[in-house]
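Keeping their order, the protein sequence lines are chains H and S. Under my numbering, the first residue of the first sequence is numbered 493, with each subsequent residue one higher. Under my numbering, the first residue of the second sequence is numbered 493, with each subsequent residue one higher.
These are calculated hints, taken from the structure and not from any lab test. Treat each hint with caution, since some may be false.
Note that the list lumps identical chains together, so a pair holds whenever it fits in one copy or between two copies.
[Stated by the list, open to error] No more than 20 Å apart at the CA atoms, straight line, and that leaves these computed lysine to any residue pairs for SDA-like:
id : residue 1 : residue 2
1  : Lys-515   : Arg-687
2  : Lys-983   : Cys-1016
3  : Lys-847   : Thr-592
4  : Lys-515   : Glu-691
5  : Lys-1095  : Arg-1166
6  : Lys-860   : Ala-685
7  : Lys-599   : Arg-834
8  : Lys-847   : Gly-1029
9  : Lys-494   : Glu-858
10 : Lys-983   : Glu-1032
11 : Lys-580   : Asp-553
12 : Lys-847   : His-595
13 : Lys-860   : Glu-497
14 : Lys-848   : Gln-618
Number of protein chains: 2
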Amino acid sequence: MKLAEGRRRVVIEEVQPQVDGGKYPAKRVIGDVVEVTAAIFGDGHDHVAGRLLYRHESEQDWCQARFEPLTNDLWRARFPVDRIGAWKFTIEAWVDHLDTWAHDLVKRLDAQPDPKEPTAQVVSPQDIPLALRIGANHLEAAAGRAEGIDAKRLTEAAAQLRHLADANLPYYESPMTPELEELAARYPEMSFATRFERELPLWVDRERARFSAWYELFPRSCSMTPGEHGTFKDMESRLPEIAAMGFDVVYMPPIHPIGVQYRKGKNNSVVAEPDDVGSPWAIGGKEGGHTSLHSQLGTLDDFAHLIQATQKHRMEIALDIAFQCSPDHPWVKEHPDWFTIRPDGTIQYAENPPKKYQDIYPLNFESKDWGGLWDALYGVFKFWVDHGVRVFRVDNPHTKALPFWEWCIAELRKTHPEVIFLAEAFTRPHVMYALAKAGYTQGYTYFTWRTRKDELQAYFEEICNPPVSDFFRPNVWPNTPDILHEQLQEKDPARRRAVCQLRAVLAATLSANWGIYGPAFELCEGRAAKPAAGKTGSEEYLDSEKYQLRQWNRKDPISIAPLLTNLNRIRRENRALERNEHLVFHDAPNPQLLCYSKATADKSNVILVVVNLDPGKEQTAWLDLNMDALGLPWKGSFVVEDLLNGKSYTWKDQWNYVALRPSETPAHVFRVVRP
Amino acid sequence: MKLAEGRRRVVIEEVQPQVDGGKYPAKRVIGDVVEVTAAIFGDGHDHVAGRLLYRHESEQDWCQARFEPLTNDLWRARFPVDRIGAWKFTIEAWVDHLDTWAHDLVKRLDAQPDPKEPTAQVVSPQDIPLALRIGANHLEAAAGRAEGIDAKRLTEAAAQLRHLADANLPYYESPMTPELEELAARYPEMSFATRFERELPLWVDRERARFSAWYELFPRSCSMTPGEHGTFKDMESRLPEIAAMGFDVVYMPPIHPIGVQYRKGKNNSVVAEPDDVGSPWAIGGKEGGHTSLHSQLGTLDDFAHLIQATQKHRMEIALDIAFQCSPDHPWVKEHPDWFTIRPDGTIQYAENPPKKYQDIYPLNFESKDWGGLWDALYGVFKFWVDHGVRVFRVDNPHTKALPFWEWCIAELRKTHPEVIFLAEAFTRPHVMYALAKAGYTQGYTYFTWRTRKDELQAYFEEICNPPVSDFFRPNVWPNTPDILHEQLQEKDPARRRAVCQLRAVLAATLSANWGIYGPAFELCEGRAAKPAAGKTGSEEYLDSEKYQLRQWNRKDPISIAPLLTNLNRIRRENRALERNEHLVFHDAPNPQLLCYSKATADKSNVILVVVNLDPGKEQTAWLDLNMDALGLPWKGSFVVEDLLNGKSYTWKDQWNYVALRPSETPAHVFRVVRP
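So here's chain H without its partners, still in its complex pose (with noise of 0.2 Å):
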């Protein structure tokens, strides 16, 4: 059995970006370029041309660009994105009979004999007139396909190219040129076209989706009275601060109503004191479930209040999403088919056997009635999306139903397709990538424990190029709530500021992303709950602000807040820090110094970043500069300005000399100026 139209003789393959076969969306961000690539060919010499089609999905008519040769039959288009949400695009390719023509036609005319140098005659006399028909008719074909003035001069250009023909001439210069070769080309004959047989997905996101500092602070640790549960009338007051700073996300812990049943206490203890505040996880009580509020906290309205007041500071509330229940939550009583019944009837708590959190009940996603339960949690999403919050992270997405979390975006994104979902999926990397996939904005990711050079440079290579940067934002923290990492346990305080500021550097250039879980991390703290000493400690805080209130003393000399300011200060004043796809490792032969630049697309902006991951000593090394990925000629001298000292310092070709004292700067953060 023959196909229909067995002509179409272009292939086109490896179209980039694409996820997964087009089965998920690569995600770009408003104001992007897209840079499409495929492989497109044919058989034989004949050249081939193609076009992209894409649109966004509220229009019906495609655009169009044209595809431009690199090398080896790949292909380039670029088409840009203008309007946030769901685009498609795909790709139409055909032999290009007259391109192919008058690239011969060149060919015979140079292989003419000169008159002023007679030698052997290579073409016959009557090869050229008959080259020249057979561009006429293409050139007419063109005009039959075109309309107006185009029409016209393409008939005009044919009737000249016949005219010439006829004049059976001993010499002939070229009768076309670039621009009615362009004018032809707008008119293609796609009749065997053939067309990529998929309309690939892209998904754009607004700017915050790729560049945003997060800053992760407990509304009740905001009062200024010791003891006092904080409220979000607090928090307000600490929202100038937090904006000095330069973060653009304030990210709140669950604000939601506390279990009392099996509450845990301060350090986590298995039982809790009358006037312990419990943990935010614990999602539930008498007062409601995840669309209350902790009364203490406060009201919708000062929330609403709370709301306006951060986006005067021209700052956004990230709201924390944690979909586990306490046996207090409203949902236990109502709907005990969500949750899972043991053979005596209760209800199954959290469990890693033989360690039991019965303070939490997971959902069951396997439950009878699915339905419900994903109306009820998108439920949850649109009562604060309605409340105004348009940033959420998601606690644990990872032990909630990957097609859940595909639908539940998706059917959000409809009516608000700005609202960013960060997913805290500390996880394997397949479950990482698949929460990505599903449509998840940005991730948690390994960095908390990369420390040593070569993993920090194995990690970023791979979530920073494509295939993973297609789909997966990484968004980088040094510390969380759960997590001190053992490197900022350092007893030393001078040290233990030192790594801080080191991880600072590295989180806030390395990704467009990064946060930090505030003022323990600002005021370096660093007691764990149980000392890490390789593998048997804990990364758990001491006195973790998630069992119970803590005070800040903002105005400790050891806090590295200038720091975490001029890093953001930095980061907005250099466009090359906005986005990961120019990450580049340079060379530097020395264990502790990592080395690596940022750079626009157009070099307009380059930032070289080196970082000493010693927080004790000195170090030092000769840079081997990759000069093509700075922007520079390979020799020459160019100066470097260090934008967290203002020292500029002129250097020369690739090789270049810097020494890092942890007492005086964790790293250089450079902006390279060019000659």
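Once you have looked at the hints, place chain S on chain H.
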């Protein structure tokens, strides 16, 4: 809008083998055990399980194989392919609650207080009985999915678990056995199983598709009488010698009538003398076209006799199919619409402006009657298949439309899945690979021009590993009637013979499929039409058989027939050389020594080759062997036996010394003898 079933929690990704998302089949050979890998995972901590479904196209029912976990969510299953033709496979995977339960039970039991050594009780008294009841439910459910004795055993096991739970013991031994877990795993709960969205195609060839040694010769040069046109009968007399050298495919250039108009004379001269025999690739004359025989070669009966005679020598004939026509081809008159007509009414001959090939008319795959053309071309293959040919070498397939090949090869294979197609496509990589995807069994390669160590290694690493090796099977040739590589044009006979020898060793051992343009290579013919000197020379043979008869003196002492015989014998006696997928390069710190090994999957046969790429001088090196690739421990002695000369050496550990003198041998071809 929700899914019909939202509880399919398992994701199946990264399925291999998969060519272009399943658009084209991966290729295997009968007797292969196909290894399928995939990422299989779900949310949370529940265990997952999966099974492979596979079937030959002629079967209705799927066969099954269970997946076993590798690392990091990757899984593997295997199945044997015992029939040639089209196969399909896909995957089902699901959350394995019973396995999760059994795994947790072990942890619960381990956490029991030891009665002999009382400590703090980790599990509470009712925990284990409750867990046993949950397990009993799982086993009963499995029993409900089983039948007969299996159902009975599972029911009994469930009852036993309930009985144990009722006993409320102070300490429990595990009631689960590996046999019981295995039995239960055979009846999994699959209500919410995920099925991979595609059925992936696989094409299974006969063994010669993977492992073959080709000998090309011109039957018209086979006469024993100088100046006389050889016949199929003459060629039969050559078969014993070719078989004795160990070749198994005897390939003849086209055997059809040769055009008279614009016939090329000796050495490609544009004017032929009256007695010039013309190029066999200028197909078609008064006597007929692609389904006719050149009368001087013999009749269809003679051809049938040749086919039989070849089979008696355990070889087979490969025909050359060149879809192009001389101006005298019957199709030119019968189907002028299958060609391109120029404005002056003449048929367009082949051109590479300003070069003209007026003896050749290319077919026009954009003909209005493309359907008729396809049928006719298919008919050519069908005709020769009906006359006993099962191997085709196709001339310049890259200048014919790719959709045609995909259709034509699939159509032929419906009745003759055993047919082998070798693509003579010396063209760009994407096009070579597209032909392989379209169905070509084997393809010519760039081996002919890869002479340096680094380029040989890089090229064979590309073509012998996935993704390329899943669809492209290289057939490597040191020479062809069109290509006498500059290296083979060496003036000094001893050096030239050394070059031919080392190229033969490389071709025969790097690739499971290899071939030579026989007499010229065997006898180290090195005279070029226009000697190659850098880029200005020619790769054409002087007095090429393409345009004239040649007599070959096979008794010439320069002949490398003994080496060819040796190489083909070694290939047949060592299964390691039957495949490409276990090719590993070893470090030899000398740019003139190329060292590599091939091994069977179980390492029962391991061949280690060291080739001296320098035809002039002795080269030595301390090899740095990858002992894992050789199936050897990193420390200890082992024996390597040179299969070319029978000498054995005892080597030790990974570093071993070799010295190769071109005057003695071009290479070591060692069999590794395990200690």
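For Lys-848 and Gln-618, with the copy left unspecified, which applies at a CA distance of at most 20 Å: within, between, both, or neither? between (92 Å within a copy, 14 Å between copies)
At most 20 Å between C-alpha atoms: does Lys-494 with Glu-858 qualify within a copy, between copies, both, or neither? between (47 Å within a copy, 15 Å between copies)
Using 20 Å as the alpha carbon limit, work out where Lys-983 and Glu-1032 are close: within a copy, between copies, both or neither. The answer is within: 16 Å in one copy meets 20 Å, while 77 Å across copies does not.
For Lys-847 vs Thr-592, is the C-alpha pair at or below 20 Å within one copy, between two copies, both, or neither? This pair counts as between: shortest inter-copy Cα distance 15 Å, intra-copy 72 Å.
How do Lys-515 and Arg-687 come out at 20 Å by Cα distance, when the copy is not named: within, between, both, or neither? both (18 Å within a copy, 15 Å between copies)
Is it within, between, both, or neither for Lys-580 and Asp-553, if the alpha carbons may be no more than 20 Å apart? Close inside one copy (11 Å), not across copies (38 Å); limit 20 Å.
With identical chains treated as interchangeable, where does the CA-CA distance between Lys-847 and Gly-1029 reach 20 Å or less: within a copy, between copies, both, or neither? Intra 17 Å, inter 78 Å, cutoff 20 Å: intra-copy only.
With identical chains, the pair Lys-860 and Glu-497 could be close in the same copy or across copies; at 20 Å between alpha carbons, which is it: within, between, both, or neither? between (49 Å within a copy, 10 Å between copies)
Tell me, please, which holds for Lys-1095 and Arg-1166 at an alpha-carbon limit of 20 Å: within, between, both or neither? Classified as within: same-chain Cα gap 10 Å, cross-chain 58 Å, threshold 20 Å.
Within a copy, between copies, both or neither: where do Lys-847 and His-595 come within 20 Å Cα-Cα? between (75 Å within a copy, 14 Å between copies)
Is it within a copy, between copies, both, or neither that the alpha carbon of Lys-515 lies no farther than 20 Å from that of Glu-691? both (10 Å within a copy, 16 Å between copies)
Homomeric proximity label, Lys-599 with Arg-834: Cα distance no greater than 20 Å: between (83 Å within a copy, 18 Å between copies)
The earlier numbered hints are all upheld by this structure, with none contradicted.
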